[in-house]
Amino acid sequence: MPKLTEYQHLLLTVFDRPMEESKKQKVPEIKFMNFAIWKHLKEEEFDCLYGILNSDLFNHLNMEQRYELFYRNVIYYNNNRRRRKQREYELNARKRRNKNGTI
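With this note's numbering, the residue at position 60 of the sequence shown is 252, and numbering never jumps.
If you're looking for bench data, these hints aren't it; they were derived computationally from the structure.
Where a beta carbon is used, it is the ideal one built from N, C-alpha and C, also for glycine.
Among the hints, a few may not be true.
Said to hold, decoys possible - Label-pair ranges, simulated between beta-carbon atoms:
| id | residue 1 | residue 2 | range |
| --- | --- | --- | --- |
| 1 | K218 | N251 | 19 to 27 Å |
| 2 | K218 | N292 | 48 to 56 Å |
| 3 | K277 | L253 | 28 to 36 Å |
| 4 | N292 | N271 | 26 to 34 Å |
Work out the full structure: start from the sequences and follow the hints.
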C-alpha cells in the first residue's frame, strides 16, 4: 500500500473516499491539517463535510468542485471556531477587569 499523506488518509478512512481518488488529492495548504477544527469537529460539521463528498445532493458538481466546497467549508468552520474562542477570551478578560475594579 502506498504511503498516504495525513490529508489523504483522512479522506480515505474518515470520509470514505476511494483509494485512487484520495491518492490524487494534494493538501490544499500547508497548515490545513493543523487547523484546530480537526481536533474539535462537531457532529453537524462532520455530517456537512461528509455530505459534500458523499451525498447525492451534490451530484451536479464534479469531484474537483466538491473538494473545493469541502475545503472552503473546513476553513469556514475553523474561522468560526477561532472567532468564537476570541470572543470568549475577550468576554472573560472584561469580567476579570470588572471583578478587579478596573475598566
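Verification of the hints:
no. : hint                      : result
1   : K218 <-> N251: 19 to 27 Å : holds, 24 Å
2   : K218 <-> N292: 48 to 56 Å : holds, 50 Å
3   : K277 <-> L253: 28 to 36 Å : holds, 32 Å
4   : N292 <-> N271: 26 to 34 Å : holds, 32 Å
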